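Participant: The listed protein sequences derive, respectively, from chains A and B.
In terms of my numbering, the first sequence opens at residue 1 and continues consecutively.
In terms of my numbering, the second sequence opens at residue 1 and continues consecutively.
What the hints contain is simulated information worked out from the structure, not anything from laboratory work.
Being a predicted model, the structure only gives us computed values, none of them experimental.
Some hints could be false.
[Claimed, not checked] Straight-line distance between alpha carbons at most 30 Å, and here's what the computed DSS-like set of lysine-lysine pairs gives:
no., chain 1, residue 1, chain 2, residue 2
1, B, Lys176, A, Lys240
2, B, Lys61, A, Lys224
3, B, Lys47, A, Lys171
4, A, Lys171, B, Lys214
5, A, Lys240, B, Lys30
6, A, Lys171, B, Lys176
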Amino acid sequence: MIHRHSILLIFIISVLATIAFFVAPGLQQKAGIAAPATVYNRSEVTSGIEKPCSNEHPDWRPAQVIEGVTVDAAPSCDPDNPYDIATSVKGTNNVSMATLMQTNLAQDALTMTDDLDHDGDPDVIHIKLEVVELNGASPDGEFLINTFDIAPGIQPGLWVYAPKSRGMALKNFNSVVANPLLRAPSPVIRVEQGDKVYITLENTHYLPHTIHLHGVDHPWLTAKGEDNDGMEEHAVFPGKSHTYEIQPRHAGTMLYHCHVQTAQHFMMGLSGLFIVEENQPDNWVQTFNIGAGQVRHPSVAVKKSYSQEYDLHYQSVDKNLAQIIQNANDPRLIAQQMARDYNMTESFENYFMLNGRSFPYTLRDGMIIAEENENIKLHIANLQRSSIALHLHGHKATVTALDGVDQPAGLQVTRDVFDIAPAQRTDVLLQTKNNGLNSYGPGLWMFHDHVPTGTTTDGMEPGGNIAILAYKSYLDEQGMPKMHDELFDQVFSKDYYAKKVAVWGFGDFAPLLGDAGLIAPNYLQIIIFGLVAGLIIGLLVFSVLVYKRKQQQ
Amino acid sequence: MKVLLIGLIMLGVIEPASAMNHGGMLMDEKGMIMNANSDNLPRDCTKISENVDITIRAGQKHALKFPGKMFAFDQQQWDVKPCAKINITFINDDQIRHQLMIHGLPGYLYPEGMFHLELYGEGQLQASLIMPSQKKTYLVHCEVPQHMEKGMKAQIKVDGGDGDLPSIPGISAPVKADIYPVDWSQLTTAVLLLSVLVGCAVLFFVIINARSIKDIFQKMLAKLNIKQSSK
């Protein structure tokens, strides 16, 4: 009897299991004749869309004279503060209090004195730099402080050198946004060949750092016999300061960077351009170019041969490295995680920036703005981890110097992709002569690293270091490229870079290339499956109980 | 902020000598004083209740007593009476910039509710302010990026204050605390296992002696009942 019942039971359960197998609902399912309808997600996420240009300081755009310093026009959306420029040219000791108050610079940030060679410009320069953390953690809650967005919604932890500042580090009392002086990249520093330059690192940060003057003519020791090469074993610890001394004999585009735990500190952003300008009479150079980009007060030598000058600082960020300073507050934990737990040899680059920003923010202050028949000087520095292959659309430009050394005329190559290894600098002459070689004519010509990762922000394109070489006739009155309104609606949105929005989810093709919807659940199937599964479990439990009782008897 | 600063500097430029007495700002190559106030009484005060002289030192070495911090003031709390005048001597022991900002003050005396001392390097500054009468805790901090976050945070309590601010070294816990590994050794594991065994033993003890435990309970209940009924 028992046997017969068992066989029957096994038979019933197998039949039920087979049915269950065939009606099992899945999380994914093949579509039938009709695929799911397109979903329009844009209406739900419009909250993330920003104004392409906030147009905060239209008065900063025109050419102007401040403290006797000529400041060239900067038509871009987010021009450099002309008072920063005037103060960077004259020194904090030579401008009026009213001008200084228009900047965030400390009164001892930049002192310029003593015309040693009697040629009309100061030759003893004292520069003070601090180390600032952007997008850092706070023990007071789940927020970041001194924020600096590199792209919509993207706030990687960064370290930068900043000219010594004063007052509030935040933009205003109601925000956690860093003031405009505190930003990536570390400022471009310009000095004149032969100047006696004293660079003081005042380490305001909680980890040790140095300044290594990469490629800049400097003695190995200071006059006092102290470290002058910024090496690891002479780290400047928190709260301490150290002064590096140089009198560079050779002019050119060089670098400065931290040489403590170099791989990580370099990747965190402690690196910048250091440009030694040719010695010329009455040559007041713009010591700081905050945020790199257009130089609004070029040196005498540059003005002789060029109509404009731009500093292009290419930088990349590994999001896992950048996160370390956001996940802990204790400097010991940060030091351990960064120096020992994190492994640079197993790392990736996720964010690619030009002058501290990724596309589309590069459109606000990272564009090259030109007219026809200009000769523009570009100082391009690769401060990324990987090599770049910089491509200019619609133009072929000419290499004039490599690593701060002028190329002889015969070696001045004209090309449209510039390969630049990490830490290398390439000076380029960009001609906007519409001759079918140097330029194909006016337009909004993109320029970007042609290594495929470089045009993405954590894999999302268009992003990364994409920027535009814009001819003025193609810019609106706020300095934004015309004819890009649809693109702006799409990319000036943190949802786009959070990968929540379909790439082609708008316009005529939205129904065809928007997000595919989900398949509606088949409730009949789910209920049948549930009932069958329940029946199987019930039968099993029942038979176990019966079996036990039989055994007891 | 910018407009305010220009306004303040206008004050400073026009009347440098009296700027400190009338609020506003004083600035030189060593540092700055903003919104000092040594004689304007807050509206809710009829007179200065007490004169408090305090010296506040700022520097990396003051963080040594707080594991996990890098910068700190030498003290983390000051208690004053309502309407007290505080004369601060601010000393910077480091070779870098430090600030002493006090927030939440009445805006009609201290623009943006802030009193602000800043030293660009080693040195000292003196300035006074008069506190209102309200029972309140005021934030004192250095706003150089990551200085407050890494320990340079303190509080002034007027009339005992209205509680502690978070993450003040040695006084209050952070809102977002760091996570550290526990020092888990063989002994710790042994203690855990032993506790598990004892826990099991307790259960067995209870089961084996169930009857006698029941008796004990009943006796106790009976006693309680007797007591209650006797009342």
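Participant: If a hint holds in the structure, say so; if it does not, say that too.
Facilitator: Taking the hints in turn, this is what the structure says about them:
1. Distance check on the hinted pair: Lys176/B and Lys240/A sit about 29 Å apart at the alpha-carbon level, within 30 Å; holds.
2. Restraint check for Lys61/B and Lys224/A: the C-alpha separation of about 26 Å stays at or below 30 Å, so the hint holds.
3. A C-alpha spacing of about 37 Å is found between Lys47/B and Lys171/A, which places the hinted pair above 30 Å, so the restraint is violated.
4. For the hint pairing Lys171/A with Lys214/B, the CA-to-CA distance comes to about 72 Å; that exceeds 30 Å, so the pair is violated.
5. For the proposed pair Lys240/A and Lys30/B, the alpha carbon gap of about 17 Å is at most 30 Å, so the pair holds.
6. A hinted pair counts as satisfied when its Cα atoms are at most 30 Å apart, and Lys171/A with Lys176/B qualifies at roughly 24 Å.
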